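Participant: Take a look at the letters that make up each chain.
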Amino acid sequence: MAGSGNAMSGYAELFCFSNFTFLTGASHPHELAERAAELGYTALAITDACSVAGIPRAWAALKESPVKLITGSWFELEDAPAGAAIPRFILLARTRKGYGQLCRLITTGRRRAEKGRYQLFFRDVETHELDDCLCLWLPPAIPDADADQALACGEWLCRLFDLRFWIGAARPLESGEEQQLARIRWLADQLRCPITACGEVHMHSRERQPLQDVLTSLRHHTTLESAGHCLFQNGERYLRPLPVLQRLFPETWLQQTLRIAEACTFEPGSLRYEYPPDLVPVDETPAGYLKRLTREGERRRYPEGTPLQVQGLIRKELELISEMKYEHYFLTIHDIVAFARSQGILCQGRGSAANSAVCYCLGITEVNPANVELLFERFISRDRNEPPDIDVDFEHERREEVIQYIYRRYTRERAALAATVIRYRPRSAIRDVGKALGFDPALVEQLLDGIDWRDKATNWRQQILDKNLTRNPKVADQFFTLVNTLLGFPRHLSQHVGGFVISAGPLAELVPVENAAMADRTVIQWDKDDLESLGLMKVDVLALGMLSAIRKALELISDQKGESFHIQDVPQEDPATYAMLQKGDSIGVFQVESRAQINMLPRLKPETYYDLVIEVAIVRPGPIQGDMVHPYLRRKHGLEPVDYPNDAVRRVLERTLGVPIFQEQVIKLAMVAAGFSAGEADQLRRAMAAWKSHGDLTPFREKLVTGMLERGHDADFAERLYQQICGFGGYGFPESHAASFALLVYVSAWIKRHYPAAFYCALLNSQPMGFYSPSQLVQDARRHNVTVLPPDVNHSHWNHTLESPDRHLRLGLRIIQGLSAGGADRIHQNRPTNGYRSAAELRRQAGLNQRDMELLAGANAMPGFTANRHQAYWQLLDHEQPTELFAAEDPDDYQPDHCNQLPEPTEGQNVVADYASQGLTLQRHPLALLRQQGHLRFCLTSEQLKTTKAGIPVQVAGLVTGRQRPGSASGVTFVTLEDETGNVNVVVWLETARRQRKPLLTARLLHVKGVLEREGDIVHVMAGKLSDLSHLINSLPVSSRDFH
Amino acid sequence: MLWLYLHFPHLLLDHIRRNREDSRPLVIVEGSGQRVIQACPDARDQGVRAGMRLKTAINLVPELGMVRAQPEQEAQILEDQARWLYRYAAHIVLEPPDGLLAEIGSLQKLYGGLPAVWQTVEQALNEHRLTAWIAIGHTPLAARLIARAGKGECTADKGHILRALETMPLVAAEFDGKTCTRLQRLGLNTLGEVFALPATELARRLSPETLARIQKIQGTRSDPQTPWQPPHSFRQQADFIQEIEHTQGLLFPLQRMLSELEDDLCWRQQDTDSLHLILRHRHEEDTRLRIQTSGPEHRAEAFLNLIRLRLEQQPLRAPVVALVLSVKRFLGREAPTGQDLLGESQDLNEAWHTLMSRLQARLGEQSLKRLSPRADHRPERAWSASEVQQKHKTRLAAPEHLPRRPLWLLQGPQPLTEPPAAWFAGPERISGGWWDGQRVHRDYYIAQLQSGQLAWVFRDVREGWFIHGWFG
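Protein chains in written order, with my numbering: chain L, 1 to 1044; chain F, 10001 to 10472.
Among these hints, one or two may not hold up.
Listed next, the in silico DSS-like pairs over lysine-lysine satisfying Cα-Cα at most 27 Å (straight line) [unchecked claim]:
#1 L:Lys97 to L:Lys325
#2 F:Lys10055 to L:Lys1025
#3 F:Lys10055 to L:Lys435
#4 L:Lys998 to F:Lys10055
#5 L:Lys68 to L:Lys528
#6 L:Lys998 to L:Lys1025
#7 L:Lys583 to L:Lys605
#8 L:Lys115 to L:Lys528
#9 L:Lys325 to L:Lys63
Chain L stretches covered by chain F per the calculated footprint, using a threshold of three residues with CB under 8 Å from any CB of chain F [as the list claims (entries may be wrong)]:
#10 221 to 231
#11 300 to 312
#12 427 to 440
#13 853 to 865
Source of the hints: derived by calculation from the structure; they are not laboratory data.
For clarity, every value in this text was computed on a predicted model and none was experimentally measured.
Quick reminder that beta carbons are idealized off the backbone N, C-alpha and C, glycines included.
Extracted from the complex, chain L is given alone in its bound form (with noise of 0.2 Å):
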């Protein structure tokens, strides 16, 4: 058995598991790749279960390598013919044709299955045409299956591969080997086929036993310490150097594998994205029809002429496209978007290639180029073959219309969403190596809960020891590496959140598809990574609630003025709208609502539409790491002046004022500041997208400082900008689409200035959506003037409305928490046109059951014929006989029932009541009744800190609406206090935190004793004494209610 010990031309594995063959491979396909390329392999397959996941990124790897990557994949059947052992083997694609056919039986496999499993019956192998995949058998081991049922077996697949078929034999050194040899030498005779050297590979190296040990435990749910024989006896199923092999295997057995792999053309990297060709007219070209209704977008959108530069960039855009052969990319967008606009629903395109003036003139974004000086040339880039990137935002009620509209247009043949790899993070990984080891799962826990994830310098190690996990300490050891080698591990793939592939021929012949956990929807195998290393298009269909509130204001303004009123009508840089943003008022405002951007907009001051993109991108972990902040500020306010080492540099920043804000300026300084190469600039951009799962930056901060000093620049500024990458990564947010987000902003902040009655009406018309609460909208409605009725089966329909003829915002029916819309919609259809005059008549009207009868009476939307809500309650509690939907009236009816027993409702009960039931009350506030009743003596209000002096002690108090310890504020944690007149923020430092935990992390309604502190018109409390006053709360009638 014993090599012949000649000089052996190579050796090719054809049998390899990645770790996209979830919970068995233990590497990724890269790390196998890499391996097979130091061991001098000349080819490697990579064949996980049922799949082509791992192929691109093993393709990536070895793109540049003499290893030959063949695609293959692995197969266990359901059945088996008549007498025949159950079939395992693996396929291999010859050819472009013969990964087409892989896909398709994949695709049958997976579809037919759940998520994340797949099922093949012997009947589909015969019936999918396979004539271009090579297959390799690998016989049952000698237990579980006998000679005629192993020889059954082969024969039906050596009948249905013919000269295409092998025996694949494995040499694992495990007990029984020699026999089972024996027995597969014997097959090969019988058959007449050639038997082939493979190494069940599940494994780069040996060193991964211990995980793939892990891995096996966790597949069969137990520890390792009672897995026994479900783990591998050894760890020999791994990539074996080339003279081990050559010990181990015949000669002629390796050579098979040779000629295998010679027989394999298939590469990765032939996949062509065909365009879905549906899309332009028979007499056009794709060229001549793009230009064609750009012309026609030309004419709309200026209809007084374009301007000279504008036709300019259109040209020179439209070139760009015709080289790069984009059109269909465009004239698919132009299509969903066109759609779109059809159906009336909202929506708007950002990315790198959206903010285009040829995206202006097909109406794929509303960015004008005349306003913005933005060059497309930065977003398309002709050295890197990358394809462009446009995101298409719609209403996020709306969106599933658009999503059915392209499985319409293109099939489910021909379209399907991307994928999104779900990899190990860091709580997953303890969480399940530590099941593996049989840790308490409690302690676990505990331990999970004690680390500082933001703390990188955590040394896990130690904190295992305390907690008293394991007593030994190389058992630590290991569960630290094996946590660390976990982590970026695939778990499963699931769906993206809108990105579309769509092809010209059958998608499954391009990928293999199968089912997302969503009933209806299909994935593709790979992922967003996967397709741009392949050089494939997808289409990004995102999903946006400020659109869908925006549409509804412009709608309810539309109905104001008697005439229709587009997003295009919004006057541009209005002075009102500015002024209102730069006091901080923009709660409900597109991006600018959260607590940081409030506090951001009187310091930035905004006046012109690029102020926004600035103000939208730089509170993000980027411009605050990198220290960006405030020499951007003091520059902007005249304080600092603005300076520039050079052009070159002058050229990226001077839109910024010298201070790189965006990601692509980040990018563009490493070439033009630190000589960064195009290529090199590319793999930074690629880390930084892929930091925040498993990549690393530090190679680059080296080059990057060096070169930064070597050109002048001084060391602070390098360091800085080092760290302005680190915090892109993974929340890289480009001007492209902040110029996109900036649009909205202003579109929103102005009607929330013109229009404020129709904003929160549409705002919260569109709920669940942004930051804030129903009732914290509501309350902002309030302190701008806009009248809020409550809720009444006499006035309101299912939304929320404005009622004329003063415009003032009636709550919805839908505000009652529970409340079937079928109800709702009844008591607005068939309500009398003089109101309901009875809770009874309301019922057999409406047809409403018992449960919405209680709903409305809990939210006391009985008004007109109901003394209270106890009262209305009283009355629905009796109900004997079933009513009837066309019962005759009963004059009983109109009777009231009242119970003299019941207590009123107080205040304070409405109060808690209506919170209850809607979440929110119209009545006083609850901290206006505790100052009434005198338990806030000393405390001011939100309203008065306003005008109160900085540095001076102070006392407030407020229903807790939200705590925040950002990660970019080093320890600190944020508190917002609600109280009647507004939100008081609260900083809370880590010292004051530690010392008391308890008010902070449990009260619900918090007294701080603090420090008044002022920026602008910026104010904070810095907290000193934190009490919980929550008990005040339960002092109200009804205990045990929570505010939320």
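We have chain L; now place chain F onto it with these hints.
Facilitator: Just chain F, lined up with the frame of chain L:
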């Protein structure tokens, strides 16, 4: 009838704390380890509440100790309490998970008045180091509600009891969730306000069940209670927050458990001659000990001496997380039972039991083992000599899947001193066991030695050759 209700606000905690002095704040967490179920007074002082997420609790009290709850254990502990209460009152009802109800009307005379009964119970609670809120009611529900509200008083006055009930907040009255919400929506806050509503209206507008419940509280409707029957065996369990590493640490909880056993035996008027002791470990299998006395015995001290001797002989295999003491065989005190081996009257199980205990008594318990296979690739761990009545935890492959192994495996590998005459099979590589520190990495061969013997030999990482077993 008059009812006494004992509400244990943190029974599991008391159970754990009385087995070990530990001043750390302590909580019980639910099985998945996410939420707090019970918190000790110390933890509560620092803001920890039942129902809170464990994460928040740890943020509040970083040094928090915790124990995971097992539902069956909780039921067991409650039953333990019923057992001692049964000595004072014959009619006891279990109210899982944390309450006991006892009929005490008939006891007043026996103890000489209600205060004496009350005092007796309080004293017993003290002795057992348990916290309980107790209350008296003229109905089972009245006693329960008042006890759970912590408002119990030593009085049998019905008017007084009703007044206490009337001031009780609605949420404390334990109506089902829907009824409670409805009553709250009517603006009612106390049980008294509910009592005031007309009965017919209540039944009509809420439900007949609601009315029935109110009447059961008030005592205008009967509420029969089935008495609890004490079990026929004795079982006590102690759980430890911190693992106990030394025998000495086990004696303290054992002392208490054995004295409870003594009480139990006295009350049963019976003796026993065998105790079962199970020591639970975190990772290893349980250690099971059977303690045999020379004759019928009931004294805690006698038992303790025997156990101490036994534990001294046999050091702990691993730290102990829990201790279970059980007695299933009771012997009448008056006459010794006849035990003739394989006698007609005994069934086979009893005969097996007798044989085992005789053999164990004769040979020493350690000497009696049973051979069984274990699922492990490492040859030395692929079998075990386990105690006679033990079950397996590992999954064993079907026999035909088991690897080929020699019948005679040596106690330990012995160096191979001569080159074998012939090689038959191999290598078979065994590599595993990294997780428990007993890592093995060997290549096995079957070889014939010069003497003609067929040996199972291996080579390990250090390139040494060893004989590990003999084939027939």
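Participant: Compare the structure with each hint and give your call.
Facilitator: Consistency of the hints with the structure:
As the CA atoms of lysine 97 (chain L) and lysine 325 (chain L) are separated by approximately 25 Å, the hinted pair is consistent with the 27 Å bound. Annotation: proposed proximity of lysine 10055 (chain F) to lysine 1025 (chain L) holds, straight-line Cα distance about 24 Å (limit 27 Å). Distance restraint check for lysine 10055 (chain F) and lysine 435 (chain L): the Cα-Cα separation of roughly 19 Å lies within the 27 Å cut-off, and the hinted pair is therefore satisfied. Annotation: proposed proximity of lysine 998 (chain L) to lysine 10055 (chain F) holds, straight-line Cα distance about 13 Å (limit 27 Å).
At most 27 Å may separate the alpha-carbon atoms for a hinted pair to count; lysine 68 (chain L) and lysine 528 (chain L) meet this at roughly 24 Å. Proximity of lysine 998 (chain L) to lysine 1025 (chain L) is assessed by CA-CA distance (about 12 Å); at most 27 Å being required, the pair is judged to hold. Annotation: proposed proximity of lysine 583 (chain L) to lysine 605 (chain L) holds, straight-line Cα distance about 8 Å (limit 27 Å). About 19 Å separates the Cα atoms of lysine 115 (chain L) and lysine 528 (chain L), which keeps this hinted pair within 27 Å; it holds.
Using a Cα cut-off of 27 Å, the hinted pair lysine 325 (chain L) and lysine 63 (chain L) holds, with the two alpha carbons roughly 24 Å apart. Closer than 8 Å: that is the beta-carbon criterion, and the region 221 to 231 of chain L has 9 residues meeting it against chain F, so the requirement of 3 holds. Beta-carbon proximity to chain F at under 8 Å applies to 0 residues in the region 300 to 312 of chain L; the threshold of 3 is not reached and the given coverage is violated. Remark: the region 427 to 440 of chain L is confirmed as covered by chain F, as 3 of its residues place a Cβ nearer than 8 Å to a Cβ of that chain, reaching the required three.
Here the region 853 to 865 of chain L counts 3 residues with a CB under 8 Å from a CB of chain F, which clears the bar of 3, and the coverage holds.
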